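Line by line, the protein sequences are chains V and B.
One point on numbering: in the UniProt record's numbering, the residue at position 84 of the first sequence is 84, and numbering is uninterrupted.
One point on numbering: in the UniProt record's numbering, the residue at position 170 of the second sequence is 170, and numbering is uninterrupted.
Keep in mind that the hints are not guaranteed to be accurate.
Subject to a maximum C-alpha distance of 16 Å in a straight line, what follows is the list of computed EDC-like cross-link-like pairs (lysine to aspartate or glutamate) [claimed, not checked]:
#, chain 1, residue 1, chain 2, residue 2
1, B, LYS199, V, ASP202
2, B, LYS84, B, GLU104
3, V, LYS199, B, ASP202
4, B, LYS84, B, ASP191
Partial selection, computed: residues in chain B whose CB lies under 8 Å from chain V [what the hints assert, rightly or not]:
#, residue
5, VAL45
6, HIS120
7, GLY169
8, MET173
9, GLY176
10, LEU179
11, ASN181
12, LEU183
13, ALA187
14, PRO207
What the hints contain is simulated information worked out from the structure, not anything from laboratory work.
Bear in mind that the values here come from a model prediction, so they are computed numbers and not experimental data.
The beta carbon of each residue, even a glycine, is placed where N, CA and C say it ideally should be.
2 protein chains.
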Amino acid sequence: MGALSPAREPKPPQQERSRATRRKLLEAAVSCLAERGWSGSTVSVVAERAGVSRGAAQHHFRTREDLFTAAVEHVAEKRQGALKAVAPNLPPAGSVARTRIVVEEIVGLYTGPLFRAALHLWVAASDEEQLRERVTALEARVGREAHRTAVALLDADEAVPGVRETVQGLLDMARGLGLANLLTDDAARRDRVVEQWAKIIDGVLNPE
Amino acid sequence: MGALSPAREPKPPQQERSRATRRKLLEAAVSCLAERGWSGSTVSVVAERAGVSRGAAQHHFRTREDLFTAAVEHVAEKRQGALKAVAPNLPPAGSVARTRIVVEEIVGLYTGPLFRAALHLWVAASDEEQLRERVTALEARVGREAHRTAVALLDADEAVPGVRETVQGLLDMARGLGLANLLTDDAARRDRVVEQWAKIIDGVLNPE
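Full structure from sequences and hints, please.
Below, the structure written as structure tokens:
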């Protein structure tokens, strides 16, 4: 087809290309952080990885802190969105089968590259003043959202005393399993812990 | 008293002074790692903090990796020793009061400077080849010992199906609570989670 063929794909509008660039940067930033840690993660390295010019990257994110906190938030939202999307396909509320799948999925949130990236950011923030406040706020937002999602998927009634803390402890355990997976592949042990804790949690949330 | 007075304190023998120097270095290394992270932690910085000459520090620890892995191991052993020492003063085995105290103490292992130091070391090890193998082995040793201590203090019978995984999940939860305490003081929320999960774990370990 000739260059002027009316059948060619229309060029995406400016705004849409800008959004796509932004998304590429955010995703490259998370994988960079997961693989190279905070000290190895700069705007330039991410721009190169995303195939974007350094200038374009800096147009989107003025500072290194902007880029990496936005990246962890973006990917966390995407992962939690995917988790919420499993809801219609879950076994009936109140069944141990459902609790088992939900516990597995929640633990899954903390064992991939996103958790590695977030962990690098948290640990860097504990030493760096200019990062600390932003990462603390980000962690609070992401943590609240994870809690809300867990409550909804487990069909847990937080008006019942102890239920809120049961779900919180589950999320803490999931984070701890993520940590245990940092240096070695902990999947086999993790599966056994998840199986047992799913039974325990089901007994608390759905007493006979 | 004169310099030759027979009543003066005897000078500690060489071996004992050497052990004391080593101990000072190990403790300074953990607090340095907890406060300044891996990138801010070198043998020189630790030697200065411990009031020891750089040469003496290097006599004890040939490399940075030697110093910091030995330090985390030393302090972890000391903490676990202190935890085991509470055993004779615990309420009777099989009581919820005992389970509560033990869960608190175990969670306490993961919320102080030692955990911050260990976390910095783990995260650095996930990026640095020469650190990774040693920290992985160290984590396995310390984790096994923590598990053994938890089983003994909880008087848990690992021959019963699910008990081993219940205790493992508790240690994972403790690690997750440590992580949640990294950027903010999470003590109030943590107390509520510990209270609820102590009840849950007691119900699993000591069914009526």
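Provide an ascending list of the numbers of those earlier hints which the structure does not satisfy.
Hint check: 4, 5, 11, 13, 14 fail, others pass.
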